[in-house]
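Protein chains: 2
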Amino acid sequence: MVSTYAPIDGAKLSSILAGLPEVSVKLGGAPAEWRVREVGDGNLNLVFIVEGPAGGLVVKQALPYVRLVGESWPLPLERSWFEYNALVEQARYAPRLVPKVFHFDRAQAMIVMEYLSPHIIMRKGLIRGIEYPHFAADIAEFLAATLFNTSVLAGAASAHKRRLELFARNIELCRITEDLIFTDPYREAPLNRWNSPPLDADKRAFEADSALKVAAQARKYQFLTAAQALIHGDLHTGSIMLTAHETRVIDAEFAFMGPIGFDVGAVIGNLLLAYCAQEGHEAAPHARDAYRAWILDQVVAVWAGFHDRFLALWRQAREGEAYVKSLFTSPQDEAALEAERRRFLRSLFEDMLGFGGLKMIRRILGLAHVEDLESIADPARRATCERKALRLAHTLVVEGVKFSGIVEVVEAAKRHALPLG
Amino acid sequence: MVSTYAPIDGAKLSSILAGLPEVSVKLGGAPAEWRVREVGDGNLNLVFIVEGPAGGLVVKQALPYVRLVGESWPLPLERSWFEYNALVEQARYAPRLVPKVFHFDRAQAMIVMEYLSPHIIMRKGLIRGIEYPHFAADIAEFLAATLFNTSVLAGAASAHKRRLELFARNIELCRITEDLIFTDPYREAPLNRWNSPPLDADKRAFEADSALKVAAQARKYQFLTAAQALIHGDLHTGSIMLTAHETRVIDAEFAFMGPIGFDVGAVIGNLLLAYCAQEGHEAAPHARDAYRAWILDQVVAVWAGFHDRFLALWRQAREGEAYVKSLFTSPQDEAALEAERRRFLRSLFEDMLGFGGLKMIRRILGLAHVEDLESIADPARRATCERKALRLAHTLVVEGVKFSGIVEVVEAAKRHALPLG
Chain A
23 MVSTYAPIDG AKLSSILAGL PEVSVKLGGA PAEWRVREVG DGNLNLVFIV
73 EGPAGGLVVK QALPYVRLVG ESWPLPLERS WFEYNALVEQ ARYAPRLVPK
123 VFHFDRAQAM IVMEYLSPHI IMRKGLIRGI EYPHFAADIA EFLAATLFNT
173 SVLAGAASAH KRRLELFARN IELCRITEDL IFTDPYREAP LNRWNSPPLD
223 ADKRAFEADS ALKVAAQARK YQFLTAAQAL IHGDLHTGSI MLTAHETRVI
273 DAEFAFMGPI GFDVGAVIGN LLLAYCAQEG HEAAPHARDA YRAWILDQVV
323 AVWAGFHDRF LALWRQAREG EAYVKSLFTS PQDEAALEAE RRRFLRSLFE
373 DMLGFGGLKM IRRILGLAHV EDLESIADPA RRATCERKAL RLAHTLVVEG
423 VKFSGIVEVV EAAKRHALPL G
Chain B
23 MVSTYAPIDG AKLSSILAGL PEVSVKLGGA PAEWRVREVG DGNLNLVFIV
73 EGPAGGLVVK QALPYVRLVG ESWPLPLERS WFEYNALVEQ ARYAPRLVPK
123 VFHFDRAQAM IVMEYLSPHI IMRKGLIRGI EYPHFAADIA EFLAATLFNT
173 SVLAGAASAH KRRLELFARN IELCRITEDL IFTDPYREAP LNRWNSPPLD
223 ADKRAFEADS ALKVAAQARK YQFLTAAQAL IHGDLHTGSI MLTAHETRVI
273 DAEFAFMGPI GFDVGAVIGN LLLAYCAQEG HEAAPHARDA YRAWILDQVV
323 AVWAGFHDRF LALWRQAREG EAYVKSLFTS PQDEAALEAE RRRFLRSLFE
373 DMLGFGGLKM IRRILGLAHV EDLESIADPA RRATCERKAL RLAHTLVVEG
423 VKFSGIVEVV EAAKRHALPL G
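Those protein sequences? They're chains A and B, same order as listed.
Reminder that position 260 of the first sequence reads as 282 in this note's numbering, one-by-one numbering, no gaps.
Reminder that position 90 of the second sequence reads as 112 in this note's numbering, one-by-one numbering, no gaps.
Any given hint might turn out to be false.
If chains are identical, the list can't say which one is meant, so a pair holds when it fits in one copy or spans any two.
[Said to hold, decoys possible] List time: in silico DSBU-like cross-link candidates among lysine-lysine, alpha-carbon distance up to 35 angstroms: (1) K34 to K424; (2) K347 to K424; (3) K225 to K347; (4) K34 to K347; (5) K34 to K122; (6) K122 to K424; (7) K347 to K146; (8) K34 to K436.
Honestly, the hints are just simulated from the structure, not real lab data.
Extracted from the complex, chain A is given alone in its bound form (with noise of 0.2 angstroms):
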């Protein structure tokens, strides 16, 4: 069956459900019982949620656009493709903390999926200064289960390859990092925003900053070039949803064969750029100190929770086909190899900081910016937090190698970030 390619409207959708049956049994009763709502708040994407007697689901599905900029900016439905390819993978490695998928229509870029309840989007309970128990050892399960396990250190070069052919074709989402991320916020392009005037000095300094430039640049270069692992490549913490006892991570449509430092670093540096954010939200001066305190210790906990699982993994490993486990028998072998191991995940960690600070410093001076920051109304005391972010995002951008561990990170995110007085 040859399908042609529509955007979806509400209606529509219900008959489309309808004739597929696995999917029908789940909402129950007659379409005509089906609620269905689009609420798609993101950047580029239509989302419905459509719920029945029996249960809900989520119907995704891409525009030929992105959805922030408008027809303008055309981007390929087949994003939904390399989706559900990150998805199938994820669930393989991490089944707890992906939605479940019961349906994908490649023609229609269309994908069927479960529908998340009472979850909310991670980045909106942090703005309201929600703690969540089981998010830092949640999410540092599925950083290191997918990670580590559609990498070499866990598999065959065969399988890398094959998913290096595949997403390979996933160029025009990755062009969005490149170019976001990587370039735009540091010379004078037609899609950067700030916060102008109060941050227009710390935009052209940025702009004139030679070192950091050359440290953008050669992360640039590194998520060119470099890969290791089949990684998320959105992974901020808008691509989070929860509860107190349950943890999703969503929209896979940025999944490519990139560097493991870069999905890590997202989501350290979004919970940075929600710590720098609290000032802007608390009803009097250190009203939320007890909720900043929970911030940075999400920050080492998902290190801290990631290094040691994805170090676990590997010493478990037995089929991974760099650092050939038949190779290392003596104990001297063995020594070498976990010092190898070690010096492995250091230079993890320096990708991390270096990424991490990246992404908080696209979302102050580059096009697409974060509620936590956004939703904070008055300008001067936005642009107090924003500045506080960019002086630490710089530190780890640019003195990233300089970090001991996690937790010289965390103190220098309250040196540069705590409220004065």
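Please build the complex by placing chain B on the supplied structure of chain A, with the hints as guidance.
For chain B alone, coordinates are given in the frame of chain A:
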């Protein structure tokens, strides 16, 4: 037209070529006048030289197995498709330095190309003690031009990803490198061969050397994940044909998107092997001292030539999507970017030493050996050369970071490999 693959025999070849007008005209005369010789002396393919009244050409056809081992080791015919695509790319950037392609038949896994005469395989020249005045400059140019121009330092991310997609399917040829260079020499493997018994203890010592094994496997990880450029993948001195005036690089079927240092290391490592082998070829001690010095001069000239040309291409580049030119405008920017270029090339230098050393070791302890050493009839004399090469290679692999530059590499070669007395 669908044609079914069949290995070529000489008689059939003339009728195939007679059906290709552009090829026939290069041979001239009638097919009955064409002389066909099978000359393949490599490990993988059939190679024919066809000569007619007007000129000659070469026909290279892949066999569905490894010629060196036999039909028990199947190998995809599609490697011919990768060789063809690599030749097309190399011709774009180094047209003077690769054979011209006249015809490609994907189904027959057959490339019809320029007949190089009187060029000989460089390895044979090195054994005979022949100096090639243009070799170093030509190979430096080949390396810099092909490796720089197929990287994101020169071009678009989209072109890079299209190359990744295409060459990611060259799985089986890459697997040969992964196994035979990075893994098998460091364990008991059925295909390993070495000069036994003289090198038995050396082989055992390498199998027990934890630091060496970790270094080898770290390079394997890099080989599997560092998609820096379209590399030749097998650039030893048996893949170089030359005369006193001309140089050509052949046999690109191992090409894929890999680490730049692998190709540079292949050249340097094979020169150092030839250097260590001289003792087995000279009529009397020190008879080849001048030739030894010439080889070491080539080591310096190849690296320095590659380094300077790569740097020059980078400085001139306008379209590279990594280190975007327009970001770097002030004198401070240019100084910072230049320092970054130097750091990048230093990193390539260390990669070159690591890969080069591993390529030396595999030729002595692994499956595929080299004529430089194999042609030394006396096993004890050969072992002396081999042991010096192993010692030098070990230093390059494990202590590469300590070398300040290529001159120190040459000094280490002299220290490890000069004949005694």
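Results for each hint:
Proximity of K34 to K424 under the C-alpha cut-off of 35 angstroms is found in neither arrangement, the shortest distances being 56 angstroms within a copy and 67 angstroms between copies. Within a single copy, K347 and K424 get their C-alpha atoms as close as 32 angstroms, and across copies as close as 28 angstroms, so both meet the 35 angstroms cut-off. For the homomeric pair K225 and K347, the shortest alpha-carbon distance between copies (19 angstroms) is at most 35 angstroms, but the shortest distance inside one copy (49 angstroms) is not. Neither within a single protomer nor between protomers do K34 and K347 lie at most 35 angstroms apart by alpha-carbon distance, with minima of 54 angstroms and 49 angstroms respectively.
Proximity of K34 to K122 under the C-alpha cut-off of 35 angstroms is restricted to the intra-copy arrangement: shortest distance 23 angstroms within a copy versus 58 angstroms between copies. With identical chains, the CA atoms of K122 and K424 are never at most 35 angstroms apart, being 41 angstroms at best within one copy and 52 angstroms at best between copies. Taking CA atoms no more than 35 angstroms apart as the test, K347 paired with K146 passes in neither setting, with 44 angstroms inside one copy and 38 angstroms between copies. When the C-alpha separation of K34 and K436 is checked against a cutoff of 35 angstroms, the pair qualifies neither within a copy, at 52 angstroms, nor between copies, at 78 angstroms.
The structure fails hints 1, 4, 6, 7, 8 (numbered hints given earlier, in ascending order).
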